[in-house]
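A.B. asks: So the protein sequences, as listed, match chains A and B.
When you line the first sequence up against numbering that gives the first Met the number 0, it's residues 0 to 43, in that order.
When you line the second sequence up against numbering that gives the first Met the number 0, it's residues 0 to 206, in that order.
Hints are computed from structural coordinates only; laboratory data are not their basis.
This structure is a prediction, so every number in the text was calculated from the model and none was measured.
Mixed in with the good hints there might be a few duds.
What the hints assert, rightly or not - Using 35 Å as the maximum straight-line C-alpha spacing, the simulated DSBU-like pairs for lysine-lysine come out as follows: (1) B:LYS16 / A:LYS40; (2) B:LYS76 / A:LYS40; (3) B:LYS11 / A:LYS40; (4) A:LYS40 / B:LYS74.
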Amino acid sequence: MLDLMDWLFALLEPISGALVFVAMAVCLFGLSFAISFLIAKFES
Amino acid sequence: MKWLQRLFAKLKIVFIKSKKFSIFALISIGVFTGVLGVVGFEVGMGLTNTEEFCAGCHLQPGATADTYYESTHYKNKTGVRPICADCHVPVEFGNKMWRKIIASRELWSHFLGNIDSTEKYLLNVSHMRDKEIARMKANDSQECRNCHEVDKMDLKLQTAKAQEFHSTMKKNNKTCIDCHQGLVHLSPKVEQQLKNEADMTTSNASH
Numbered sequence: 000m001l002d003l004m005d006w007l008f009a010l011l012e013p014i015s016g017a018l019v020f021v022a023m024a025v026c027l028f029g030l031s032f033a034i035s036f037l038i039a040k041f042e043s
Numbered sequence: 000m001k002w003l004q005r006l007f008a009k010l011k012i013v014f015i016k017s018k019k020f021s022i023f024a025l026i027s028i029g030v031f032t033g034v035l036g037v038v039g040f041e042v043g044m045g046l047t048n049t050e051e052f053c054a055g056c057h058l059q060p061g062a063t064a065d066t067y068y069e070s071t072h073y074k075n076k077t078g079v080r081p082i083c084a085d086c087h088v089p090v091e092f093g094n095k096m097w098r099k100i101i102a103s104r105e106l107w108s109h110f111l112g113n114i115d116s117t118e119k120y121l122l123n124v125s126h127m128r129d130k131e132i133a134r135m136k137a138n139d140s141q142e143c144r145n146c147h148e149v150d151k152m153d154l155k156l157q158t159a160k161a162q163e164f165h166s167t168m169k170k171n172n173k174t175c176i177d178c179h180q181g182l183v184h185l186s187p188k189v190e191q192q193l194k195n196e197a198d199m200t201t202s203n204a205s206h
């Protein structure tokens, strides 16, 4: 498992900047989605 | 696939226009949640950069964190004390986040108990050290250079040997960590000595 993670991280290293950007975007959209869901639940 | 359709049907409600809440209320909720998120994120980053957090795994007798407390980076005449994160976590946001993502592998290793005793630690320390040295070489020892800029050094105040190395390091394509390994943690030589001692203890105990 650890070797697999080492291999994966080494493979992704050249696009780490893009990955971090995508991860942040996914987190922000996820947060927006969660808040929207809670508000929508209040509405119904 | 029916459960997926049901899930999508449930989640659809987030796209319905609000009837109860004003635009002001919705924006306020967004702004407050955003601020709370930023503060929580910064607090989380800060907590995972503390000495206590790092020492939670890396404090073994005679090993990494232990050597830090004996080094000149911990106690020196100037009172400047860089902590673990200053040398091992990049400052720039993207690189810092990537380092934190990679740390998920280290967390996994911690939960597997790979370094939970001095013996196990010494078995893995060369692997950890090699990886960290490779990382520092790849970024031209950025974390060293955050505090120590060769261009701004008064070479005349240094020893003749240091003057020679520092003035030619660019030309020789060298970076800080090429020469300064073992400055804070175990040098490979001392590490080998400790390993030998541990092996001897283990073999004596088994006889």
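A.B. asks: Would you mind marking each hint as holding or not holding in the structure?
C.D. replies: Evaluation of the provided hints:
no. : hint              : in the structure
1   : B:LYS16 / A:LYS40 : holds, 12 Å
2   : B:LYS76 / A:LYS40 : violated, 61 Å
3   : B:LYS11 / A:LYS40 : holds, 11 Å
4   : A:LYS40 / B:LYS74 : violated, 56 Å
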